[in-house]
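Using the sequences and the accompanying hints, generate a full structural model.
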Amino acid sequence: MKINAMPPCQAKCPIHMDVQGYVAAIARGDVQEADRIIRRTNPFPSVCGRICTRECESVCRRGKSVDEPVAIRALKRFASDSASVGSEVPGPETRFSEKVCIVGAGPAGLTAAHDLALMGYHVTVYESEDEPGGMLTRGIPRYRLPLDLVRSEVDRIRSLGVEIKTGYMLGRDISLQDLQKDFDAVFLGMGSEKSTCPECSGMELSGVWTAVEFLKDVSRGKKFNPGNKVIVIGGGHTAIDAARTCLRLGAKDVTIAYRRTIDEMPAGMDEVEDAREEGVRFEFLTAPEAFEGSGKVEKMRCVRMDLDKSCGGKGKLTCVEDSAFEMEADTIILATGYAPRTEAVQELCTEGGDRLEIKDAAGSTRTPGVFAGGDFVSGPTTVVQAIASGRKAADAVHRYLRGMDQSPEEQEKVLEDLDDDVARLVPEAGRQKPVCLNPGSRVHSFDEVEHVFTPEQARAEEARCLHCSLGAHVSQDCAVCLNCVLVCPYNVPRPGEEKAVIDMSQCQACGICAGQCPASAIDLRLESRTELRQNIRRVLEKAESSSHGEFNFAYVCDFSKFRPGDVQGENVYTINRPGLGRIDVYELLVPFEAGAREVLVSGCGEDDCKFKDCSLWTRRNVQKAARILESIGMDPERLKIVEG
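Take the sequence shown: its letter number 466 is residue 1084 in our numbering, and every next letter is one higher.
Derived from the structure by calculation, the hints contain no laboratory data.
Quick caveat, the model's predicted, so the values are computed rather than measured.
Just so you know, even glycine gets a beta-carbon here, dropped at the ideal spot from N, CA and C.
Among the hints, a few may not be true.
Each computed DSS-like pair below joins lysine-lysine, with the alpha-carbon atoms no more than 30 angstroms apart [unchecked claim]:
{"id": "1", "residue 1": "Lys914", "residue 2": "Lys934"}
{"id": "2", "residue 1": "Lys917", "residue 2": "Lys840"}
{"id": "3", "residue 1": "Lys717", "residue 2": "Lys977"}
{"id": "4", "residue 1": "Lys840", "residue 2": "Lys914"}
{"id": "5", "residue 1": "Lys977", "residue 2": "Lys630"}
{"id": "6", "residue 1": "Lys841", "residue 2": "Lys932"}
{"id": "7", "residue 1": "Lys1117", "residue 2": "Lys1230"}
{"id": "8", "residue 1": "Lys834", "residue 2": "Lys934"}
{"id": "9", "residue 1": "Lys932", "residue 2": "Lys977"}
{"id": "10", "residue 1": "Lys812", "residue 2": "Lys934"}
{"id": "11", "residue 1": "Lys1031", "residue 2": "Lys917"}
{"id": "12", "residue 1": "Lys812", "residue 2": "Lys799"}
{"id": "13", "residue 1": "Lys812", "residue 2": "Lys783"}
{"id": "14", "residue 1": "Lys841", "residue 2": "Lys812"}
{"id": "15", "residue 1": "Lys1242", "residue 2": "Lys1160"}
{"id": "16", "residue 1": "Lys870", "residue 2": "Lys914"}
{"id": "17", "residue 1": "Lys1117", "residue 2": "Lys1051"}
{"id": "18", "residue 1": "Lys840", "residue 2": "Lys812"}
{"id": "19", "residue 1": "Lys783", "residue 2": "Lys841"}
{"id": "20", "residue 1": "Lys717", "residue 2": "Lys630"}
{"id": "21", "residue 1": "Lys834", "residue 2": "Lys783"}
{"id": "22", "residue 1": "Lys630", "residue 2": "Lys1258"}
{"id": "23", "residue 1": "Lys917", "residue 2": "Lys870"}
{"id": "24", "residue 1": "Lys834", "residue 2": "Lys870"}
{"id": "25", "residue 1": "Lys682", "residue 2": "Lys1051"}
{"id": "26", "residue 1": "Lys1160", "residue 2": "Lys1258"}
{"id": "27", "residue 1": "Lys812", "residue 2": "Lys914"}
{"id": "28", "residue 1": "Lys917", "residue 2": "Lys834"}
{"id": "29", "residue 1": "Lys977", "residue 2": "Lys783"}
Ranges of calculated distance between the beta carbons of each label pair, as one might list FRET restraints [claimed, not checked]:
{"id": "30", "residue 1": "Ser777", "residue 2": "Ser1093", "range": "41 to 49 angstroms"}
{"id": "31", "residue 1": "Lys1051", "residue 2": "Lys927", "range": "27 to 35 angstroms"}
{"id": "32", "residue 1": "Ala1047", "residue 2": "Ser777", "range": "37 to 45 angstroms"}
{"id": "33", "residue 1": "Ser777", "residue 2": "Val1119", "range": "16 to 24 angstroms"}
{"id": "34", "residue 1": "Glu965", "residue 2": "Asp1035", "range": "44 to 52 angstroms"}
{"id": "35", "residue 1": "Arg1215", "residue 2": "Asp888", "range": "47 to 55 angstroms"}
{"id": "36", "residue 1": "Pro1057", "residue 2": "Asp924", "range": "28 to 36 angstroms"}
{"id": "37", "residue 1": "Phe714", "residue 2": "His1062", "range": "31 to 39 angstroms"}
This is the structure in structure tokens:
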């Protein structure tokens, strides 16, 4: 079936993650498959399950039209944390002779290495630090991202045959010219870790730090006493990380000074709230003028700012006259911006040498076979954006080595929002909140603050997903009876010129129309009728060969309070479905032909059902099938509804 448009969550994600795919796998209880789906496009699911900025959730259609967005990031973490090591993506079918070099073992470089290795290339990564991972291992505090998780993801990439050499700096230990001689293609992904500082006097004073160096030293285990009063200058993720880290190092009074307002802060609002809960104070519309002290910083002289938003963009900042004031400080940490170090690749830079000259979206430089990407090109971005850049680079390198044209940039068509009349029929369900350490206690250690969902939380949260774009479509077998128009509780199907028409952007994937279509002309992208019946046949064949006598067969709704284990016995064989509205009379009866003693239907009560009227139509189908059993002399009680 042709997909009319991409779901907003997938379209907004920089790597176009198949959110519905892994959420549906979680609904089936198959975390291994969920993890495999995630790893097809993301080699760092454990990382993104914790620190991704959740661009996908900002456009979730449930959040925009019903109540709150689905907790997509938390579900990703649940899948990656719950899956065993055996869920790796299969290795390459073809091996190529060309060798590829990656410079920089941050998220972009390691993602490019991962994808190229899966394509069949021999990949060598050079990293200037003593451990790969970039800012993941040396810049993000352990209370947000445990180090062992990053190392585990890096080890998976190594297991693909990727060679990682640490302690090699471009321009010091190796040159670009040498790499071009030894490798068939080179990708530069050295990140953007050179701090840019405000023009303030007193920068030389002891106690004035850049945030990157401060966080690196802390991650390396260096003892650091920030004193009682700390000022962090900046408004991004790194500023928040530095402030919360200082609290954990014993500081009593930590303030973030930001020259704009909270609305312009690059950091996420959840990070801001976490910091506030822990005691971090914020001074908005505040800019530094000078750092003062006798050998060591003692205070910061500041000025208030005025932000004129009428001029568009981020607005125009001006100093407020006669607004200077002072703030005492034992430590000042600068998190005001970062830039790439381009000294070793001046031949690839624009005039002036401050940034690389990139020819196209693939990251091609002016030197054939040399590509660049990630923060090294764009400046500081998010982890998932770096991963996206690495994936794009791997594709560009592959196309270059195979003599293929570079892939064009494609603009994905996105599903429309839910209509108001459809949104009103979707039951509201509160978003699950991960358990977090108490703010009063968590500032005394670097223990991870946010915990993974429990299985019960994951089940409740995945049930909130609307499965956008996975709904019903009508084949050419449609008899134009318009039964679908009559039975749909959301009033989505409409008469068409030659067949019924179902608007994919409004369909809720309940499957009722498919279960009631007399021509079997309606299928769900979530699961086709052919896939369902093939799965039924596989389970029945297993039952016939393994039961050694009578067996029971059960259909269990993914969203029911019952799980397969609740209805299973020694000889009960189960099929899970995302809703039971599409289980038709034939599918209820066919297990009896295979010798089933009983067929159990475990769904939801009418008041608990995720889909409007789904429980009602399930009950009607069971009653219809029971009458058929009775008409052929079988006990209708052998077909039972078990509600959770």
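Checked hints:
1. Lys914 / Lys934: 34 angstroms, violated
2. Lys917 / Lys840: Since the Cα atoms of Lys917 and Lys840 sit roughly 25 angstroms apart, the hinted pair holds (cutoff 30 angstroms).
3. Lys717 / Lys977: Answer holds: Lys717 to Lys977 is near 23 angstroms, not above 30 angstroms.
4. Lys840 / Lys914: 20 angstroms, holds
5. Lys977 / Lys630: 25 angstroms, holds
6. Lys841 / Lys932: 38 angstroms, violated
7. Lys1117 / Lys1230: 24 angstroms, holds
8. Lys834 / Lys934: Violated - the C-alpha atoms of Lys934 and Lys834 are around 33 angstroms apart, more than 30 angstroms.
9. Lys932 / Lys977: Roughly 28 angstroms between the alpha carbons, so the hint for Lys932 and Lys977 holds.
10. Lys812 / Lys934: 26 angstroms, holds
11. Lys1031 / Lys917: Judged against 30 angstroms, a Cα distance of about 53 angstroms means the pair is violated.
12. Lys812 / Lys799: 29 angstroms, holds
13. Lys812 / Lys783: 22 angstroms, holds
14. Lys841 / Lys812: Holds: Lys841 and Lys812 sit about 23 angstroms apart, inside 30 angstroms.
15. Lys1242 / Lys1160: It holds: about 27 angstroms lies between the C-alpha atoms, which stays within 30 angstroms.
16. Lys870 / Lys914: OK: Lys870 and Lys914 at ~19 angstroms, within 30 angstroms.
17. Lys1117 / Lys1051: Roughly 44 angstroms separates the two Cα atoms, so the pair is violated.
18. Lys840 / Lys812: 20 angstroms, holds
19. Lys783 / Lys841: Within the cut-off at roughly 28 angstroms; holds.
20. Lys717 / Lys630: Answer violated: Lys717 to Lys630 is near 33 angstroms, above 30 angstroms.
21. Lys834 / Lys783: At roughly 20 angstroms apart (the allowed maximum being 30 angstroms), Lys783 and Lys834 satisfy the hint.
22. Lys630 / Lys1258: 44 angstroms, violated
23. Lys917 / Lys870: Holds: Lys917 and Lys870 sit about 16 angstroms apart, inside 30 angstroms.
24. Lys834 / Lys870: Holds: Lys834 and Lys870 sit about 22 angstroms apart, inside 30 angstroms.
25. Lys682 / Lys1051: Given pair Lys682, Lys1051 holds - Cα atoms ~19 angstroms apart, limit 30 angstroms.
26. Lys1160 / Lys1258: 22 angstroms, holds
27. Lys812 / Lys914: The given pair, whose Cα atoms are some 23 angstroms apart, holds under the 30 angstroms limit.
28. Lys917 / Lys834: With Cα atoms ~24 angstroms apart, Lys917 and Lys834 stay inside 30 angstroms; holds.
29. Lys977 / Lys783: 29 angstroms, holds
30. Ser777 / Ser1093: 41 to 49 angstroms: Given a distance of about 44 angstroms, which is inside 41 to 49 angstroms, the answer is holds.
31. Lys1051 / Lys927: 27 to 35 angstroms: Holds - the Cβ-Cβ distance for Lys1051 and Lys927, about 33 angstroms, lies within 27 to 35 angstroms.
32. Ala1047 / Ser777: 37 to 45 angstroms: Because 40 angstroms falls inside the window, the suggested range holds.
33. Ser777 / Val1119: 16 to 24 angstroms: This hint is violated: roughly 49 angstroms between Cβ atoms.
34. Glu965 / Asp1035: 44 to 52 angstroms: 49 angstroms, holds
35. Arg1215 / Asp888: 47 to 55 angstroms: 52 angstroms, holds
36. Pro1057 / Asp924: 28 to 36 angstroms: Between Pro1057 and Asp924, where Cβ atoms are some 33 angstroms apart, the hint holds.
37. Phe714 / His1062: 31 to 39 angstroms: 52 angstroms, violated
Going down the numbered hints, you'll see the structure goes against 1, 6, 8, 11, 17, 20, 22, 33 and 37, while the others check out.
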